[in-house]
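Those protein sequences? They're chains A and B, same order as listed. Here the first sequence stands for residues 1 to 284, where the numbers follow our numbering. Here the second sequence stands for residues 1 to 257, where the numbers follow our numbering.
Among the clues, some could well be false.
[Unchecked claim] With a cut-off of at most 27 Å between alpha-carbon atoms, the simulated BS3-like pairs for lysine-lysine come out as follows:
id : chain 1 : residue 1 : chain 2 : residue 2
1  : B       : Lys166    : A       : Lys140
2  : A       : Lys184    : B       : Lys166
3  : A       : Lys94     : A       : Lys41
[What the hints assert, rightly or not] Ranges between beta-carbon positions, derived for each pair:
id : chain 1 : residue 1 : chain 2 : residue 2 : range
4  : B       : Lys166    : A       : Gly217    : 32 to 42 Å
5  : B       : Arg87     : A       : Lys39     : 11 to 21 Å
6  : B       : Ala59     : A       : Ala196    : 55 to 65 Å
Source of the hints: derived by calculation from the structure; they are not laboratory data. Fair warning: this is a prediction, and the values are worked out from it, not measured in the lab. Using N, Cα and C, we set each Cβ at its ideal position, and we do this for glycine too.
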Amino acid sequence: MTPAKAEMNPAPEHQPADLSVSAAKDAMIRLTGVEQRYKTKDHDVLALTDVNLNIGKGEFLVLLGPSGCGKTTLLRIIAGLLQSTSGTVEIDNKPLWNKKARNDDAMDELGVVFQEANMFPWMTIEDNIALPLKLRGVPKAERRARAAELCKMVGIEGFEKRWPRQLSGGMRQRAAIARALSTKPQILLMDEPFGALDAMTRDAMNLELQRIWMESGCTIVLVTHSIREAVFLADRILLLSPRPGRMDTITDIEIERPRDTYVQSTQGFQDYELSLRQRLDSFA
Amino acid sequence: MGKYAAWVATPLVLALLVLIWQFYVVVFEVSPFILPPPLAVWHATVELLSEPKTYSHIAITVYETVAGFLIAVIIGIVFGGLLGKIRWLERTLNPLIVGLQVMPKVALIPLFIVWFGFGPTSKVVLAAVISFFPIMTNTILGMKSVETGHRDVMLALNASRWQTFKEVELQNALPFILTGMEVGIVLATIGAIVGEYLGGSQGLGYMAVATLNAFDVTSMFGVIFLLTILGLVLYFFVVMLRRFVTPWHEAVTSTRD
Ligand SMILES: Nc1ncnc2c1ncn2[C@@H]1O[C@H](COP(=O)(O)OP(=O)(O)O)[C@@H](O)[C@H]1O
Ligand SMILES: [Mg+2]
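Let's have the full structure, built from the sequences with the hints guiding it.
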């Protein structure tokens, strides 16, 4: 079994149709000609260039690449935290930006999880999780109920009234996922969400994330630099190459779901890992 | 170890200092007009506390300090909040703020007496002016020191400026504001007392001057003792406030274990 892999680069017309979602109306996220230049004191940095990508409804896409290849930049562009210096982003067929202003309707579809849990220390776990609802004017009783439901979903039931610092790192990250899911967004964006966790917690979190994704039916874009994590979670892996960051290859992961931890020792899984590893090593 | 130091070692050190004081006064036959012995000071304090007028002086000083301090807290947080939120305003007013901060506020008391009279009001104003700056600057600092990760969360949630202020910046500033208030209450006490020294006929500061003018140095020491207790009580009120305002903060709960 060989990974389905294709050159995405440089000309978009070489891109085989099945690698990007062909029925354009099914695209949840559409990136067209996205490029990012950072201005620094002495010179400009071209962090990301020529990104053309459609991400399908309900798809689990993983962005993989060596550090500094623009993964965070791309995710922040999709999240509306950064306006790309050129190109367009559409969320559910709505442009994310109208000139310099963010489109509130498009933003409402997004939930973001960062590498750090970023819990607000002055709010209980419950209040942290329900903050997005509070900002939308949802009444308190309803927020409580939803927070309790979410705590159960991510496995931190009973910790609703605790302060964030009373929880372990893994539990705080679960709370961060719950917060991102509180508004039932169509899209969940995650930047190395488990990067700061130990290997065992990480495996457990990957399983949970798969379950949450299958239950909620949302679209997930997850950034990682762990090949194993990428293969385990993804429907498709977009490999980015560095200097400047650009799309290298797209790999379809055809492993049945739900996947369990043991799938990692199967031949098929390891073939994917090996071929991605070789491709990554070729960048160095 | 921490508890041991506070409850055993501190009183021991205090007792030792009082003993040295007593020993010094007796051995070197110091005149009571220069340094009265501790026991005499204690008796003078008890004497003072048996007179009703002492309490009205205490009440005046407490009023001036607390009123001035509360005004400073409100104005300090409002100004700090505005300057912390509106960058151009802060940049415009910064030179002015630094200038006012450096200026010795005590030098303003004659002016305040001209403006507000010899009564308590001029002291309230001095206490407010003197304790306002640490509260305001700490509020600004607290609002600006919001973690980037926290800002990103609010940005990703598409929060309005007001929501970000209310839910994040102000909350983040609270521990800083409390630190400003701890400095502020001490300064407010000093402001009220110095105001009383320099003009008027009420309050503990006035009493200190009056006893000195009557060559009653022992009673003056008694007044200073009362002032110290008053300052300590007010300071601990503010310190205790931290537990109620920021129960989530590490500085509050880590002392428990
Ligand atoms: N705010 C910034 N200003 C200047 N350069 C930046 C900034 N953020 C990222 N970069 C540069 O852009 C490139 C991509 O960074 P990033 O997206 O963080 O990569 P990754 O997440 O894949 O490690 C790096 O070379 C980095 O130094
Ligand atoms: Mg990154």
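What are the numbers of the hints that this structure violates, sorted from low to high? 3
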